Structure formats: C-alpha cells, structure tokens
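Student: Chain residues, written in single-letter form:
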Amino acid sequence: MKTEASGLSNRKPETEAFFPRDRDWHPPAFAPGYKSSVLRSPRKALLSLDGTLSEITGPVFGHDILGELDDDLIRNFARPGESAVGPRIIVHGRVLDERGKGVPGALLEFWQANAGGRYRHKREGYVAALDPNFGGCGRTVTGADGSYSFRTIRPGPYPWPNGPNDWRPAHIHFSIFGHGFAQRLITQMYFEGDPLIWKCPIVRTIPDKAAIERLIAGLDMEATIPMDACAYKFDIVLRGRQSSLFENRLEGN
Amino acid sequence: MPQSSDRLKESASQTAGPYVHIGLMPNFSGIAGVFGTDLGAIMVDEKTRGERIDVKMRVFDGADQPLTDALVEIWQADADGFYNSPSEPRAVADPNFTGWGRLATDMTTGECVFRTIKPGRVPFGDGRLMAPHITVWIVARGINIGLHTRMYFGDETTANTEDPVLAMIEDRTRVPTLIAPRDGDIYTFDIHLQGEHETVFLDI
Ligand SMILES: [Fe+2]
Numbered sequence: 285m286k287t288e289a290s291g292l293s294n295r296k297p298e299t300e301a302f303f304p305r306d307r308d309w310h311p312p313a314f315a316p317g318y319k320s321s322v323l324r325s326p327r328k329a330l331l332s333l334d335g336t337l338s339e340i341t342g343p344v345f346g347h348d349i350l351g352e353l354d355d356d357l358i359r360n361f362a363r364p365g366e367s368a369v370g371p372r373i374i375v376h377g378r379v380l381d382e383r384g385k386g387v388p389g390a391l392l393e394f395w396q397a398n399a400g401g402r403y404r405h406k407r408e409g410y411v412a413a414l415d416p417n418f419g420g421c422g423r424t425v426t427g428a429d430g431s432y433s434f435r436t437i438r439p440g441p442y443p444w445p446n447g448p449n450d451w452r453p454a455h456i457h458f459s460i461f462g463h464g465f466a467q468r469l470i471t472q473m474y475f476e477g478d479p480l481i482w483k484c485p486i487v488r489t490i491p492d493k494a495a496i497e498r499l500i501a502g503l504d505m506e507a508t509i510p511m512d513a514c515a516y517k518f519d520i521v522l523r524g525r526q527s528s529l530f531e532n533r534l535e536g537n
Numbered sequence: 262m263p264q265s266s267d268r269l270k271e272s273a274s275q276t277a278g279p280y281v282h283i284g285l286m287p288n289f290s291g292i293a294g295v296f297g298t299d300l301g302a303i304m305v306d307e308k309t310r311g312e313r314i315d316v317k318m319r320v321f322d323g324a325d326q327p328l329t330d331a332l333v334e335i336w337q338a339d340a341d342g343f344y345n346s347p348s349e350p351r352a353v354a355d356p357n358f359t360g361w362g363r364l365a366t367d368m369t370t371g372e373c374v375f376r377t378i379k380p381g382r383v384p385f386g387d388g389r390l391m392a393p394h395i396t397v398w399i400v401a402r403g404i405n406i407g408l409h410t411r412m413y414f415g416d417e418t419t420a421n422t423e424d425p426v427l428a429m430i431e432d433r434t435r436v437p438t439l440i441a442p443r444d445g446d447i448y449t450f451d452i453h454l455q456g457e458h459e460t461v462f463l464d465i
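Protein sequences, first through last, are from chains A and B.
Per this note's numbering, residue 285 is the first one in the first sequence, and the count goes up by one each step.
Per this note's numbering, residue 262 is the first one in the second sequence, and the count goes up by one each step.
Don't read these hints as lab results, they were simulated from the structure.
Since we're looking at a predicted model, the values are computed, not measured.
Don't take every hint at face value.
Looking from chain B toward chain A, a few residues come up when the C-beta cut is under 10 angstroms (computed) [as the list claims (entries may be wrong)]:
hint : residue
1    : R268
2    : G342
3    : L408
4    : T419
5    : E431
Note that CB positions come from ideal geometry on N, CA and C, so glycine has one too.
Based on the sequences and whatever the hints tell you, model everything.
Tutor: So this is what it looks like as structure tokens:
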C-alpha cells in the first residue's frame with residue numbers, strides 16, 4: 285500500500301499500544317431510549333486486554349484508492365452537468381489523536397440522507413423524495429497534518445421508528461480508520477444550532493453533554509466559498525498511542 | 262482539582278445505523294458508479310500465500326435472530342503471522358494480502374462469507390505465541406459502539422490451549438464462544454450479542 289502521499293513516510297511508524305478507551309465517555313451498549321439497542325447490546329463485562337500486535341496494527345489506505353469525485357457528493361452521483369439539490373456545504377477539519385497530533389493517511393468514509401432527509405437505500409421508508417442526482421456516499425484520506433475536506437449538500441432531518449414521534453437531527457455518518465485496528469471508529473456529525481440534537485434518542489445514548497458537543501460541527505465562515513458553498517468545521521479525535529516522554533522529546537513535540 | 266493530563270478526549274461513538282451500507286459498501290447497497298469496488302470485499306488473489314479458507318459468520322441478537330443489516334470487518338495476519346501494516350515492527354508481510362476484509366451480512370439470511378487464508382501465529386506482548394486468530398469488528402443499527410472480538414480456529418486445539426488471551430477468560434464455559442468449528446474448508450463463527458451464549462467481546 286502506498287503511503288508517500290499521505291505523509292506517513294515522513295514519520296517513524298508507531299508501534300506502541302493505545303491508551304485505554306474511556307467507556308464512560310462513549311454510549312453504553314444498552315441504552316433503552318434507543319430501542320434497537322435493547323436486543324443488540326452485550327450484557328456481560330468486556331474482556332479487557334492490553335493491545336497486542338493484532339490491535340496495534342491496522343490496514344492503511346493510500347490516496348491512490350481515491351477517485352476524482354470521491355470527496356464531492358454534489359457531483360459524484362449526478363448526471364453529467366447536473367448536481368444534487370440542497371444547501372451546498374464544505375465539511376472540513378482534522379483527524380487528531382488523543383495527544384493532539386494530526387493523524388495523516390486516515391481513511392474517512394461518510395454517508396448521509398439527501399436534502400429532504402431521504403436515504404438511497406432498499407430499506408428506507410420515508411416518504412420524502414429521492415434526488416436522482418444524489419447517492420449519499422463519499423470518502424477521503426487525510427493529508428500530512430491530518431486535515432481533510434469534502435463537498436456535499438446539507439442533509440435534511442428525518443423521522444424514524446423508535447418512539448411515537450422521533451426525529452433525527454441533520455447529520456452525516458463518519459467511519460474512520462487510523463493506523464491501528466483498535467482505533468476503528470464510527471460516529472456522526474451534527475450541525476451547530478439544530479434544536480433536534482438535544483431531543484434525539486441516538487444522540488442521548490451519549491451520557492456526557494461535553495461529549496455530544498464535540499460531535500457538533502460549527503459554522504465556519506472563513507472556509508466558506510462566496511456565492512457557492514457554506515462551511516462547517518468538524519475535528520475528529522482517535523485514540524492515541526502510549527508513546528514514552530523520551531520519544532516525544534526526540535520528535536520535538 | 263488534581264492536575265489533568267491535557268489529553269484530548271476520543272470522539273464519542275454513534276451507531277452505524279441501518280444505512281451503513283451506503284457509506285461502506287455502496288455497490289452492495291445498489292449505488293453503482295461512485296466507487297469502483299467496495300473496499301475489503303476481496304481479500305486474496307492467486308498470488309496470496311497460505312491455505313485458502315472460507316469463514317462464514319452470522320451475528321445473532323438477544324431473540325436469536327440473525328442480523329440482516331450488520332457490517333463485519335476482519336483483520337488478520339498473513340500465513341507467516343505478520344501484519345500488512347506500517348505498525349508491524351517485525352517483518353514485511355505478504356504484499357499480496359492486505360489482511361483486511363469487510364462484508365455486510367446478507368439482507369435475507371444474515372450470513373457473510375470471507376474468502377481468506379489461515380493466518381500464522383502472532384506473539385503476545387510477553388513473547389508467547391497466540392493461537393491463530395482473526396480480529397473481528399461488528400457494527401449495526403442498535404450497536405452504539407463497534408464490538409471487537411476474535412475468532413479462533415476449531416482445529417487448532419493445542420494452540421488454543423496455550424493462547425494467552427483465551428486463558429484470560431475467567432468463565433471457562435465462555436471460551437467456546439470464540440472458537441469456530443471447521444467443516445472442510447469452511448469455518449463457521451456464530452456471534453451472539455447477548456443471552457446464554459453471549460460471545461466474549463473485548464475492550465482493547
Ligand atoms: Fe442517519
């Protein structure tokens with residue numbers, strides 16, 4: 285796998301184990317407000333294990349897997365000369381680890397509903413219309429400093445079967461690969477100012493308000509493109525490795 | 262207040278939801294033409310070293326129904342026990358084997374079948390060899406944070422007995438939840454999210 289373009293080759297690969305995961309910060313497996321979790325939640329204690337080689341290592345994806353329009357959801361499913369309907373936005377930010385270091389070469393995959401809140405999926409049942417020019421998937425690989433950006437339309441909120449009248453706030457799903465399989469993460473990005481965030485049973489599986497706030501992307505006027513696209517900034521933090529102080533000093537960080 | 266570590270907090274996990282296929286397996290989900298292929302769908306080619314095997318997985322919920330909307334990723338060493346990863350410090354792994362696979366469970370049967378090779382043994386932190394195993398990660402609607410577990414091989418009785426991770430399982434009756442029986446070239450790994458046969462999941 286190529287790593288040159290990702291900036292990985294500039295660094296000595298890291299081989300230390302990761303900091304333990306703070307399970308109180310993440311949603312618990314069993315969160316009955318989100319009904320699907322009831323039958324799908326392990327109930328026994330997890331087996332805690334210091335990372336072995338099997339978790340410290342992980343697949344790495346180079347920029348060479350990417351197609352030209354992979355990071356442009358406005359156009360990557362659209363007919364030639366057409367584009368997806370909806371408010372045009374840029375989503376950008378950095379992937380960092382818990383030590384605050386940018387994570388280069390991280391694969392980000394994202395998916396979302398269209399501007400009307402409708403997914404392009406066999407099992408989608410919402411009456412809102414499909415957009416013939418919107419597929420809803422994209423991906424990118426972070427640069428040398430962990431930065432990324434992509435272009436899309438702002439997804440709509442949608443109702444879903446849970447309680448009698450539950451609505452998902454507008455959101456984009458993110459899947460992130462760092463450099464170790466133990467870092468594997470799926471999360472969702474929400475939009476600043478959306479009142480549905482605080483009513484959503486899926487958001488509320490996260491026990492800590494501060495943890496929820498980290499999943500809310502802020503409006504970023506400086507990154508907007510005048511007369512073209514609005515912008516939101518969303519940083520993602522992956523688990524960090526337990527590097528020794530000595531190592532940090534050598535690297536000058 | 263005691264001094265804090267100045268560490269950032271990891272982004273909180275959120276469920277992959279019912280439409281995870283759109284993002285991670287768009288071709289499988291019927292969204293053609295955006296990405297050429299679904300990443301991780303093919304793990305081996307004719308040059309990959311090692312014994313060809315099929316690993317058949319299903320994920321059962323607490324009502325013993327197989328999940329038809331789950332996504333499973335696996336990560337494993339090559340035939341000699343090396344990982345194809347920059348974080349592998351010991352040697353360069355087989356260049357014709359990424360060691361990583363990704364499949365959706367079938368929307369009707371709940372089954373997914375990884376065509377792969379049998380991995381070699383990898384050392385534990387203290388140098389003892391672990392039994393051959395595959396690292397497994399499961400996400401789906403209703404799963405709030407991806408579940409890590411391991412699959413061991415039913416025909417590796419001696420290695421499994423020596424395995425330092427299996428040895429850590431206090432309730433010995435749960436050890437078999439991580440061991441996939443072999444039938445011909447097919448290993449079957451049934452994962453139970455809860456109930457009497459709940460699989461041992463790992464906090465790694
Ligand atoms: Fe969603």
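Student: Next step is simple, just say for each hint if it's right about the structure.
Tutor: Evaluation of the provided hints:
no. : hint : verdict
1   : R268 : 5 angstroms, holds
2   : G342 : 9 angstroms, holds
3   : L408 : 7 angstroms, holds
4   : T419 : 20 angstroms, violated
5   : E431 : 9 angstroms, holds
The earlier numbered hint that this structure contradicts is number 4, and it is the only one.
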